[in-house]
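Student: Sequence:
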Amino acid sequence: MAYQTGTASGPAALLNSLATFASSNGWSSQDIQAGKGFTSPDGATFALVAGTDSLAIRGCVGLSSSKVASEQPGAASVATVVNAIAGPFAGYTFFAGNEDGAYYLHGVIEAAAGIYKPFAIGRLVKFDSTVGGEYASAVNWFYGDNYTNFPTNQYHDYLFDSRHLYQGNESWSHVRANLDGKANNWMRLKTDWEGNNALGIARADGLAGSLISVGYQRFNKLVPILPIYLFGDRPSNLRSPLGYVPHLRLVDLRLLEPKQIITIGTEEWQVFPAHQRTLTWDVYRSTIPSSAYNGYAFRRIM
Numbered sequence: 011m012a013y014q015t016g017t018a019s020g021p022a023a024l025l026n027s028l029a030t031f032a033s034s035n036g037w038s039s040q041d042i043q044a045g046k047g048f049t050s051p052d053g054a055t056f057a058l059v060a061g062t063d064s065l066a067i068r069g070c071v072g073l074s075s076s077k078v079a080s081e082q083p084g085a086a087s088v089a090t091v092v093n094a095i096a097g098p099f100a101g102y103t104f105f106a107g108n109e110d111g112a113y114y115l116h117g118v119i120e121a122a123a124g125i126y127k128p129f130a131i132g133r134l135v136k137f138d139s140t141v142g143g144e145y146a147s148a149v150n151w152f153y154g155d156n157y158t159n160f161p162t163n164q165y166h167d168y169l170f171d172s173r174h175l176y177q178g179n180e181s182w183s184h185v186r187a188n189l190d191g192k193a194n195n196w197m198r199l200k201t202d203w204e205g206n207n208a209l210g211i212a213r214a215d216g217l218a219g220s221l222i223s224v225g226y227q228r229f230n231k232l233v234p235i236l237p238i239y240l241f242g243d244r245p246s247n248l249r250s251p252l253g254y255v256p257h258l259r260l261v262d263l264r265l266l267e268p269k270q271i272i273t274i275g276t277e278e279w280q281v282f283p284a285h286q287r288t289l290t291w292d293v294y295r296s297t298i299p300s301s302a303y304n305g306y307a308f309r310r311i312m
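Going by the numbering used here, 226 is the number at position 216 of the sequence shown; the sequence numbering is gapless.
These are calculated hints, taken from the structure and not from any lab test. The structure displayed is predicted, hence computed values, not measured ones. Honestly, I wouldn't trust all of these hints.
[Stated by the list, open to error] Mimicking DSBU-like on lysine-lysine, the simulated pairs with C-alpha atoms at most 35 Å apart in a straight line are:
{"#": "1", "residue 1": "K77", "residue 2": "K136"}
{"#": "2", "residue 1": "K269", "residue 2": "K192"}
{"#": "3", "residue 1": "K269", "residue 2": "K136"}
{"#": "4", "residue 1": "K77", "residue 2": "K192"}
[Stated by the list, open to error] DEER-style ranges, computed between Cβ atoms:
{"#": "5", "residue 1": "D110", "residue 2": "S296", "range": "41 to 51 Å"}
{"#": "6", "residue 1": "L175", "residue 2": "V78", "range": "19 to 29 Å"}
{"#": "7", "residue 1": "E180", "residue 2": "L289", "range": "24 to 34 Å"}
{"#": "8", "residue 1": "E81", "residue 2": "P251", "range": "41 to 51 Å"}
{"#": "9", "residue 1": "A123", "residue 2": "D190", "range": "44 to 54 Å"}
{"#": "10", "residue 1": "I311", "residue 2": "N26", "range": "21 to 31 Å"}
Built from N, CA and C at the ideal position, the CB exists for glycine as well.
Modelling step: build the complete structure from the supplied sequences, incorporating the hints.
Tutor: Shown next as structure tokens:
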């Protein structure tokens, strides 16, 4: 089944459960040094490492059982990291499937009641034949006086975000696109044009930043879900669209509750906060994490 819920005692147990779930949905998994490697049905490969309170995810272009994640063939230079997940968890939800032949594994860890940690690996639904499209992204939260309760702070990393500052928790979402003659070209999601970055969907120049903040439609109170498009740096300060993330959408949670299922035609989508849905935020020295109404809708295939 392409949808699974459960509980886990910590990151290592969660990674084992993810490997079992992946195998039942056409993926393969194998042990690597200090972690596990995952291969999708369409050949995308990823190296995942469970820490004591984290899950580090790194894209690569092959897997070697004798090497650590950072030394896998063609590995990205940075990992995206789910942090503050020591466990035991209140629960987890896994999603698998493909959209137009682009396969994915998406998950949400409920680290504690109401505290969510989404992550995503897979391949974009690409707009052209450029080699690549593999992506790895995770929500990474920075906890501190002027950060924890401030959903727009740049030290937080949202799924497929571009506003994040790496100096926070040293986590960076990334996507591969072999543009302009480059090979094994992993692009960090970052708003600045630097010749080899990718631009995400929300916050800091993202295509849907202003749209998602509108919230629900005032004439019918329906909440739109918005595709997550990625763009890659090209020469002369230009960018090209790379594709969009399969079966994952942005959603405003103003009128929705965490884990609520919404139906669009014959499709079911389950919504989760980016971290924690709260009614108030931006309180200095508050220890309550808040991602405001920022959320994601995951396609649920039973």
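Student: Does the Cβ distance between A123 and D190 fall inside 44 to 54 Å?
Tutor: 47 Å Cβ-Cβ, so the 44 to 54 Å window holds.
Student: Taking the beta carbons of E81 and P251, is their distance inside 41 to 51 Å?
Tutor: violated (32 Å)
Student: Does the alpha-carbon distance linking K77 and K136 stay inside the 35 Å limit?
Tutor: Holds - the C-alpha atoms of K136 and K77 are around 30 Å apart, at most 35 Å.
Student: Can the restraint linking K269 and K192 be considered satisfied, given a maximum Cα separation of 35 Å?
Tutor: violated (41 Å)
Student: So if I understand the rule, the pair passes when the alpha-carbon distance is 35 Å or less; does K269 with K136 pass?
Tutor: Roughly 29 Å separates the two Cα atoms, so the pair holds.
Student: Is the distance from the Cβ of D110 to the Cβ of S296 consistent with 41 to 51 Å?
Tutor: Check passed, 43 Å falls within 41 to 51 Å.
Student: Given a hinted range of 21 to 31 Å, is it respected by the beta-carbon distance of I311 and N26?
Tutor: holds (23 Å)
Student: Taking 24 to 34 Å as the hint, is the beta-carbon distance of E180 and L289 inside that range?
Tutor: holds (31 Å)
Student: May I ask you to test the hint 19 to 29 Å on the CB atoms belonging to L175 and V78?
Tutor: Between L175 and V78, where Cβ atoms are some 26 Å apart, the hint holds.
Student: Tell me if the straight-line CA distance from K77 to K192 falls inside 35 Å.
Tutor: Holds: K77 and K192 sit about 24 Å apart, inside 35 Å.
Going down the numbered hints, you'll see the structure goes against 2 and 8, while the others check out.
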